[in-house]
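Line order of the protein sequences matches chains A and B. In this text, residue positions in the first sequence follow my numbering: the first is 304, and each later residue adds one. In this text, residue positions in the second sequence follow my numbering: the first is 14, and each later residue adds one.
If you're looking for bench data, these hints aren't it; they were derived computationally from the structure. Keep in mind that a hint or two might mislead.
FRET-style restraints, in silico, Cβ to Cβ [claimed, not checked]:
1. B:151 / A:464: 17 to 27 Å
2. B:48 / A:327: 40 to 50 Å
3. B:90 / A:497: 29 to 39 Å
4. A:327 / B:284: 38 to 48 Å
5. B:151 / A:565: 27 to 37 Å
6. A:408 / B:285: 36 to 46 Å
7. B:90 / A:564: 37 to 47 Å
8. B:109 / A:405: 15 to 25 Å
9. B:48 / A:427: 37 to 47 Å
10. B:281 / A:327: 34 to 44 Å
So these bits of chain A aren't anywhere near chain B, every CB distance computed over 12 Å [unchecked claim]:
11. 318
12. 321
13. 430
14. 490
15. 510
All residues carry an ideal CB built from backbone N, CA and C; glycine is no exception.
Single-letter residue listing:
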Amino acid sequence: MIADQRRWERFTPQERLLRFTFYLVAVAAFMVSVQTVDVIPEFLYDAPEQVVDLFARMWPMDWKYYPKSVHEALIETLHIASLGTILSLALALPVGILAARNVVPVAAINQLAKLILVSSRSVNSLVWALLFVAIFGPGALAGTLAIAFRSIGFVGKLFGEALEEAQRGPVEALTAAGAPWPSVFLKAYWPQVQPAFWSIALFRWDINIRESAVLGLVGAGGIGVALDTALTLLYWDQVAVVLLTIFAVVILAEIIVTTIRSRII
Amino acid sequence: MTASGATNGAATNGSGQAGSAGTRSLSIRGLTKEYRRGTPVLKGITLDVAGQGITAIIGPSGTGKSTLIRCINRLVEPTEGEIWFQGIDLARLRGKALREARRRIGMVFQEYNLVERLSVMENLLCGRLGYVSPVRAWLRRFAQADIDRAFELLDIVGLKGFAGQRADALSGGQRQRVGIARAVMQRPDLLLADEPTSSLDPKTSVEIMELMADLTARNDIPVVLNIHNVELAKRFAVRIVGMAGGHVVFDGPPGDLRDEHLKQIYGGEGWLE
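Work the whole structure out from these sequences, hints included.
Pasting the structure below:
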């Protein structure tokens, strides 16, 4: 046993082979995708011209379009986002609780709750909107429900995970004091997850402002309707106004959310 | 031995058998706990605890002291055996009956287990949650008698003026004082303590033990606690139970505890000076 015979290597030969295979597969996958996408070179070459042309048509913006159609639609978008978020909170709260394995220690219920959360998340807001437009007809109601149903999965998943990270100690203490389940939840779990819950809610509201802006494209109300109209009529100066409005509102929502979060946490 | 009937106005409803109603003694019969099948942590513990004074369980880490304490109020499910308290077999209780039994048994924890983001007052009132409906708890409609009692206990444990402080702003010793006060808020007929001083410095440990001994003696509450510090156990307990390998290997007053017992409990002897 001589000391300099001790060898050390970061990876075993097997691991090295695995890593090499991974890189090979990654490169191959990239090549295949490029071929499948089927880029037309001519369209790619004149893209810069198209962009310049588009901006030229957008300028000067048609500011009169804002009071005429955009403002009201914007308010409706905010309503859709906010109502949808509130509705989703009410729906996600129980599902999130059922999904948390430590709060409800019944595997079958956890799985069912997780299935609900996954189905909510796996469907895009626009698809939810199409569904609700088909059921309730076009308008803000369909948009609100689309936002709410897409958000259940997001809020419920994060809230359930926050619950699972809650410390067991206070729960034990209150259980040992003979507290019934609702009291244990209220006084041991809730105080621990409350900041997380409001933080998730604000975050989702922020996302929903953005998502509800495009719901109008499928007829589910809000500022997207104004965008859709302007796009169909090729009024690029009006499209520019709508886009700028959405941009401003998203920035504003971001500022509001950041401010509130720093206050409550 | 059995203490005289509950003198502290504690609820004794639910005690089924005549004769044992209202007593505060505890009788453990053949208690076994297996976390994994075939490897019992507790191997048929039989133990009678009188209805007064402090009974200290000592023993090496991992020998099931904590499991034994937690089986009594069913934070841990016993695998086999009986735990008789006030005429009820605690090991068999479920649902509402279990909650009603639990609220007569207070518990103090090593890590205090306070609700960090709630105030000291709310933490104390948490001790009453077994008696308060969830709706009233939600609306914070606690009985004035409970609030008065909480203020009184805060004075006794030396935390006068701390009612509005958040629990996470307190030091370890202060937290354990809140933990003890919360347990006493239950007006328990038995107090369990799982390593109540292990997270505290030596001086604070003594203060906490003094407080717990004083408060429970004053309210005539028997205490079962497990503790690492043998000196503290001998100083405060009326009875020492030594455990090793899931069995009780010593049982007697502190005066009878000799070095050979400690060798038997903890193994080896190099650590004894």
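Hint-by-hint comparison with the structure:
no.	hint	in the structure
1	B:151 / A:464: 17 to 27 Å	24 Å, holds
2	B:48 / A:327: 40 to 50 Å	47 Å, holds
3	B:90 / A:497: 29 to 39 Å	30 Å, holds
4	A:327 / B:284: 38 to 48 Å	60 Å, violated
5	B:151 / A:565: 27 to 37 Å	28 Å, holds
6	A:408 / B:285: 36 to 46 Å	44 Å, holds
7	B:90 / A:564: 37 to 47 Å	41 Å, holds
8	B:109 / A:405: 15 to 25 Å	22 Å, holds
9	B:48 / A:427: 37 to 47 Å	46 Å, holds
10	B:281 / A:327: 34 to 44 Å	58 Å, violated
11	318	33 Å, holds
12	321	35 Å, holds
13	430	38 Å, holds
14	490	6 Å, violated
15	510	27 Å, holds
The structure fails to meet hints 4, 10, 14 from the earlier list, while all remaining hints are met.
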